[in-house]
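Colleague: As they're listed, the protein sequences go chains D and F. Heads up: the first sequence at position 138 corresponds to 138 in this note's numbering, and the numbers run straight through without jumps. For this note's numbering, count along the second sequence from 1 and bump the result up by 1000.
I should point out that these hints are in silico values taken from the structure, not numbers from a laboratory. Don't take every hint at face value.
To be verified - Ranges of calculated distance between the beta carbons of each label pair, as one might list FRET restraints:
#1 Glu1105(F) with Asp71(D): 21 to 31 Å
#2 Glu4(D) with Gly1073(F): 49 to 59 Å
#3 Leu102(D) with Lys1004(F): 20 to 30 Å
Positions of the beta carbon are idealized from the N, C-alpha and C atoms, including for glycine.
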Amino acid sequence: MTNEMRLEFKPLSENEVFARVCVAAFLLPLDPKVTDMADIKTAVSEAVTNAIIHGYESAEGNVELNCRYEDNVVYIEVSDEGCGIDDIQLAKKPLYTSKPELERSGMGFTVMEAFMDEVEVISEKGKGTTVKMLKRLKL
Amino acid sequence: MDLKLRVAGDVLIVNLRGELDHHSAAEIKNDIMHEYSSKLCRDIIFDFSELYFMDSAGIGMLIGRYKQVCINGGSVYAVGVSPVIERIFELSGLNKIIKRYPTVEAAVNAVNVKKEVI
Ligand SMILES: Nc1ncnc2c1ncn2[C@@H]1O[C@H](COP(=O)(O)OP(=O)(O)OP(=O)(O)O)[C@@H](O)[C@H]1O
Ligand SMILES: [Mg+2]
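Work out the full structure: start from the sequences and follow the hints.
Modeller: Now the structure itself:
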């Protein structure tokens, strides 16, 4: 079974729940295990929140979310055309955050990497960021 | 996110119903701390038995409360942590700073026992 969808939305914090619930609804035909569904929702929430609060901060633009599945493999891509990431290695480090004053824990990328099977970050300073994630659902 | 706050002695009991993400964490943080300060509380018990989702924004919110409560010599307790949210607790090390109890009553008793010892 294959299927694909794309969402585009404004970088508003209200859209964090919108994005993860949409992805969950899209995956329902695969009848994922509760833990797989929770993992994917959490990873989507992390990537979308990052696009909103770090990518755009208060700048204009849209967040794009692509989701596709082929049999039991789910592919998710979250993109922004925001500020981009200077040092991806550093950004991915557990506990690293550029906004400690805002009660960020710096665990977003660590959560994505723990909950998904593959995570790839593509980013260019001033151009934007894309996070590509893959998860193989348990049958 | 549905937030219910209750004070028992100098313990603030926070009941969270719904999903804890960056959006809802920002909404509830000030309400929690306002009640905590104005009622001169010491400890905080979070009741998560009706919390269905939490991401890293929840980690940041809990560490923030932990730091503030520590200043007053208090502790943060969590009740009703579901298996899904448990994974976030393990991954982030929240397990090491937040004590867990099966029920709010058990957590309140633990707080009171601690005070008697002191
Ligand atoms: N889409 C993005 N655009 C620009 N910078 C980003 C983006 N995503 C992440 N970053 C940078 O990478 C850092 C680490 O991200 P991560 O999600 O791990 O932590 P955080 O968002 O700071 O905190 P938390 O996710 O725990 O609330 C961020 O602080 C930010 O500097
Ligand atoms: Mg983040």
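Colleague: If I claimed the Cβ atoms of Glu4(D) and Gly1073(F) lie 49 to 59 Å apart, would that claim hold in this structure?
Modeller: holds (55 Å)
Colleague: The hint says 20 to 30 Å between Leu102(D) and Lys1004(F); measuring C-beta to C-beta, is that right?
Modeller: At roughly 25 Å between Cβ atoms, Lys1004(F) and Leu102(D) fall inside 20 to 30 Å, so the hint holds.
Colleague: So does Glu1105(F) sit 21 to 31 Å from Asp71(D), Cβ to Cβ?
Modeller: violated (48 Å)
Consistency with the previously given hints fails for number 1 only.
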